[in-house]
Amino acid sequence: MDNILRSLADIVDETHVSNRQEELFIYSFDLGTAEPRRPDYVVSPESVEQIQAILRLANRNKIPVVPLGGGLSLAGLAVPLKGGILIDLKRMDRIIEVNEKSRYAVLECGVSQAQLTSYLEKHHPQLTHSEPGAPPTATIAGNLMIHGQGDLAQPYGFNSDLINGLEVVLPTGEICRLGSCAVGSEWFTNHPLPDINVFLGWYGTTGIITKLSMRLFPAKRIRGTGQFVVDNEELVPEILFKLTHTQMAEDIIAYSRAIPPFSDGLQHITVNIAADTEKELEWKQEILWDDTLGEYIRNGDGAYLGFTMGLERPQISKTSDYKKGGGFEYVGSIMPIEKYPDCYKIGRKISEKHNIPYTVTGRCVGVGHSMMFAWTYAFNRAEPDTIRHAKEALHETDDIVVELGGVIWKPGIYGQKLIMERLDPATRELMKKIKKLLDPNGIMNPGNWDVK
Amino acid sequence: MTMAEFPYKDLIHRCFRCGYCKFPANWMDVNNCPPYARFRMETFSCGGRLWLTRAWLNTQIEWSEHLAEILYSCTTCRNCEIKCPLRFNVDIVNMVVAARSEMVESGRLPSAVKLFLENVELQGNPYGSSRTKRDAWVKGCEVDYFKGQEYLLYVGCTASYDTRAQKSIIALTKLFQKFGISFGILGVQENCDGNEVHKLGEEGLFETLAEKNIALFKKLGVSKIITFSPHAFNIFKNHYPQYGGNFNVFHYTQILVDLIKNKNIIPDSRLQAKICFHDPCYLGRWNNEYEAPREIIKNIPGVELVEMEKNRESALCCGGGAGNFQIDLLGGSKDSPSRRRVREAKASGANVLAVACPKCLVMLEDAIKSEELEHTLEVKDISEILAESCNVD
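Sequence order for the protein chains is A and B.
Heads up: the first sequence begins at 1 in this note's numbering, then just goes up one per residue.
Heads up: the second sequence begins at 1 in this note's numbering, then just goes up one per residue.
Quick caveat, the hints were computed from the structure, so don't treat them as lab data.
Mixed in with the good hints, there may be bad ones.
[Stated by the list, open to error] Computed list of lysine-lysine pairs in DSS-like fashion (alpha-carbon distance at most 30 Å, straight line):
{"id": "1", "chain 1": "A", "residue 1": "Lys-353", "chain 2": "A", "residue 2": "Lys-122"}
{"id": "2", "chain 1": "A", "residue 1": "Lys-324", "chain 2": "B", "residue 2": "Lys-9"}
{"id": "3", "chain 1": "B", "residue 1": "Lys-147", "chain 2": "B", "residue 2": "Lys-298"}
{"id": "4", "chain 1": "B", "residue 1": "Lys-274", "chain 2": "A", "residue 2": "Lys-122"}
{"id": "5", "chain 1": "A", "residue 1": "Lys-318", "chain 2": "B", "residue 2": "Lys-298"}
{"id": "6", "chain 1": "B", "residue 1": "Lys-298", "chain 2": "A", "residue 2": "Lys-122"}
{"id": "7", "chain 1": "A", "residue 1": "Lys-345", "chain 2": "A", "residue 2": "Lys-318"}
{"id": "8", "chain 1": "A", "residue 1": "Lys-62", "chain 2": "A", "residue 2": "Lys-452"}
{"id": "9", "chain 1": "A", "residue 1": "Lys-391", "chain 2": "A", "residue 2": "Lys-242"}
{"id": "10", "chain 1": "B", "residue 1": "Lys-369", "chain 2": "B", "residue 2": "Lys-298"}
{"id": "11", "chain 1": "A", "residue 1": "Lys-339", "chain 2": "A", "residue 2": "Lys-279"}
{"id": "12", "chain 1": "A", "residue 1": "Lys-339", "chain 2": "A", "residue 2": "Lys-349"}
{"id": "13", "chain 1": "A", "residue 1": "Lys-62", "chain 2": "A", "residue 2": "Lys-284"}
{"id": "14", "chain 1": "A", "residue 1": "Lys-353", "chain 2": "B", "residue 2": "Lys-9"}
{"id": "15", "chain 1": "A", "residue 1": "Lys-62", "chain 2": "A", "residue 2": "Lys-122"}
{"id": "16", "chain 1": "A", "residue 1": "Lys-324", "chain 2": "A", "residue 2": "Lys-284"}
{"id": "17", "chain 1": "B", "residue 1": "Lys-9", "chain 2": "B", "residue 2": "Lys-114"}
{"id": "18", "chain 1": "A", "residue 1": "Lys-452", "chain 2": "A", "residue 2": "Lys-436"}
{"id": "19", "chain 1": "A", "residue 1": "Lys-452", "chain 2": "A", "residue 2": "Lys-391"}
{"id": "20", "chain 1": "B", "residue 1": "Lys-369", "chain 2": "B", "residue 2": "Lys-346"}
{"id": "21", "chain 1": "B", "residue 1": "Lys-346", "chain 2": "A", "residue 2": "Lys-122"}
{"id": "22", "chain 1": "B", "residue 1": "Lys-167", "chain 2": "B", "residue 2": "Lys-263"}
{"id": "23", "chain 1": "A", "residue 1": "Lys-122", "chain 2": "B", "residue 2": "Lys-263"}
{"id": "24", "chain 1": "B", "residue 1": "Lys-174", "chain 2": "A", "residue 2": "Lys-391"}
Every value quoted in this text rests on a predicted model; they were computed, and no experiment measured them.
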């Protein structure tokens, strides 16, 4: 056993550390199109102290470290580009506290979306969190780290806006707390201290989030989804504007896709509504469908497709099997909602060029303040040519996002380069200083947000 | 074997590794895949196994003892097939078994698996105990050998050789005797049923066992079989017909529940117990029988049936399936499925953990000792619980 492996086993135990080909192979992959790169070691700690010890070991030996949550970013953000130690954080999955009155949960970094949903439904049915619609194994911390959004994005914005506090292990091994937990034992607010949160959106290049507090929200007794459809993409921005004006939706998503064929070219808009009583639900439905969208029906531009009680949580994603091939990846972007028609048209064009059935989705973030627009490209993992096409489509889409004035969401290496090329030089310099200060040996997820 | 020859070559790449397969129905944790729960490395998840199999067949990785252990640590519990939302889900276990078959064909097996199969071939049981001792448990029980009775009671390897499981088969035979079930056993003629051999990928040995057993059953005039083990129930019911073995197969709980429904058995002694039932994978997920054992428990006076959070389709496997009760690739840790399961039983508030499978019985009783729960939780087979209530000594 080599010295590093022995040291890691001493920190964790022999079961949860490996440098065998099987673990190195499996942890070399992102689930999207990113090229695999093998780590040298895989370790799965169960405590913050173990993470501290691993980072100190890595620093002493100047070994790269890549933190991994659910591994579902699909953008290759946890591919160990320079090898080193891959830390699988999913064993740190304790739900430490739920404060009902102050509506927050304190979680370890490996808690999955589905685990929290299940826990709240059982123990605190009057509370809910903003679930992103990712597979159930996606972790809460991973989603915050990439500035994810969830099914409460319309009223409350990005999930990373909902943080009450963080515990972070710095690259040099110190534990650092942000928010009210930094001055006391309570995790109820992230404000009003000086804002020094330089960990979100950094993809683990400045430290490892080990605990977090996130806001919870009232879980109304009745929740469900209404569907509206129009045949003209140009109408979507004003519809989203009008729907968000009512402030009656929990989630608003516009989408269009080539499969099934009858829906090709149509723009579907799903609106999640919640209510505590039938009367409240009826009232909200009347305002949304009749008062707000009725004119589109009367003009023959749109149709109300009905309301389905209950939310699918976690959502069952079958996108990966569109090509019967176990793979898909998407470019996400943060866009002004008025760009929806352009985004849709570009998505169709790029998909058709690469012979991929098009799928585009735009989710309102905040009260129409922006949308997360995504272009999804399925591929067949057994057919390299389809992977190549998907990858090319993704890169072309990254280029278009930048051209349209959007910001690529959770960019992979290609997208990060596009952003860095355009980044304000002073901002870039600040990032460089922060990185140098926190990670003097450059061990954390090297290759990502490369500001050298 | 190359990927081109792999029987599931058009399916195996379709696993996205989204991770639904790790969860129970209520999504409470990611620990419902036994090997993943034990090791918590992605290699030991369902998706990990499929991706590694594909990599091995594509020569991206080489065979190793560790690779074999990863594949053989799957207990074939079918939680993954139940939870996977994609259409290829029905073949997930088949893909693992096919990969194991390739390891058998190429002679590259973990030593414990090799020994398991050798013992079955030589002695007709995985323990390596002598065939001549298969009916040693019968002494003092006055159980008849099969000679045309209505039912063949197929005892199985675990109940024949394991001293703890022997107590439960004895309880069952006494119940049958008291309530007039016409049955006989095979004694030393009984041979391994082959369910585990099949799931370990040894197709040749399985076919030999199936053909021999079917020939023996036919020679003796067997038409109805009661199995003590859900594993035997599964293989007799679902696989023997392919080899011409068409018998009416029952798990013993299905016989007992009918006797209770028809008032042939009236449990009359009150048992002051809070009982939870652990669904055996090969009775529940493989054969959709969830209610017979529960109905029996509900009919026992004084008993309160409680449920573990993970029950029926979401029951956590004890970790003993596909030979793991013997080859033991999942043992030795607080994270072992059997130890997790007894902690779940304890959390249900039960003081009795009821089982309907001799492998589960042995696995969970050992786990109770490891967890030091002996004074608060007992494992009992349904046959033992019913015998107690019926004053069967």
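These are the hints, each one checked on the structure:
1. For the given pair, A/Lys-353 sits about 48 Å from A/Lys-122 by alpha-carbon distance, which is inconsistent with the 30 Å threshold.
2. Simply put, A/Lys-324 and B/Lys-9 have alpha-carbon atoms about 12 Å apart, close enough for the 30 Å limit, and the pair holds.
3. At most 30 Å may separate the alpha-carbon atoms for a hinted pair to count; B/Lys-147 and B/Lys-298 exceed this at roughly 35 Å.
4. For the hint pairing B/Lys-274 with A/Lys-122, the CA-to-CA distance comes to about 22 Å; that is within 30 Å, so the pair holds.
5. A hinted pair counts as satisfied when its Cα atoms are at most 30 Å apart, and A/Lys-318 with B/Lys-298 does not qualify at roughly 40 Å.
6. Taken as a hint, the B/Lys-298 and A/Lys-122 pair is honoured in the structure, with Cα atoms around 26 Å apart against an allowance of 30 Å.
7. Restraint check for A/Lys-345 and A/Lys-318: satisfied, since their Cα atoms lie roughly 23 Å apart, inside the 30 Å limit.
8. Taken as a hint, the A/Lys-62 and A/Lys-452 pair is honoured in the structure, with Cα atoms around 17 Å apart against an allowance of 30 Å.
9. Of the supplied pair hints, the one linking A/Lys-391 and A/Lys-242 is violated, its CA atoms being roughly 36 Å apart against a limit of 30 Å.
10. Only pairs whose Cα atoms come within 30 Å are accepted, and B/Lys-369 paired with B/Lys-298 is accepted, the gap being roughly 27 Å.
11. Restraint check for A/Lys-339 and A/Lys-279: the C-alpha separation of about 36 Å exceeds 30 Å, so the hint is violated.
12. With a CA separation close to 16 Å, the supplied pair A/Lys-339 and A/Lys-349 stays within the 30 Å bound.
13. As the CA atoms of A/Lys-62 and A/Lys-284 are separated by approximately 58 Å, the hinted pair breaks the 30 Å bound.
14. Taking the CA atoms of A/Lys-353 and B/Lys-9, the gap is near 29 Å; set against the 30 Å cutoff, the hint holds.
15. In summary, the hint linking A/Lys-62 to A/Lys-122 is not supported, as the alpha carbons are separated by about 45 Å, beyond the 30 Å threshold.
16. At roughly 40 Å between alpha-carbon atoms, A/Lys-324 and A/Lys-284 are farther apart than 30 Å, so this suggested pair is violated.
17. Using a Cα cut-off of 30 Å, the hinted pair B/Lys-9 and B/Lys-114 holds, with the two alpha carbons roughly 26 Å apart.
18. In summary, the hint linking A/Lys-452 to A/Lys-436 is supported, as the alpha carbons are separated by about 9 Å, within the 30 Å threshold.
19. For the hint linking A/Lys-452 to A/Lys-391, the alpha-carbon distance of about 26 Å falls within 30 Å, and the restraint holds.
20. Taking the CA atoms of B/Lys-369 and B/Lys-346, the gap is near 13 Å; set against the 30 Å cutoff, the hint holds.
21. Among the hinted pairs, B/Lys-346 with A/Lys-122 is consistent with the structure: their alpha-carbon atoms are about 19 Å apart, no more than 30 Å.
22. Between B/Lys-167 and B/Lys-263, the direct Cα distance comes to roughly 25 Å. Compliance with the 30 Å bound is thereby established for this hinted pair.
23. This hinted pair does not check out: A/Lys-122 and B/Lys-263 have alpha carbons roughly 39 Å apart, beyond 30 Å.
24. At most 30 Å may separate the alpha-carbon atoms for a hinted pair to count; B/Lys-174 and A/Lys-391 exceed this at roughly 68 Å.
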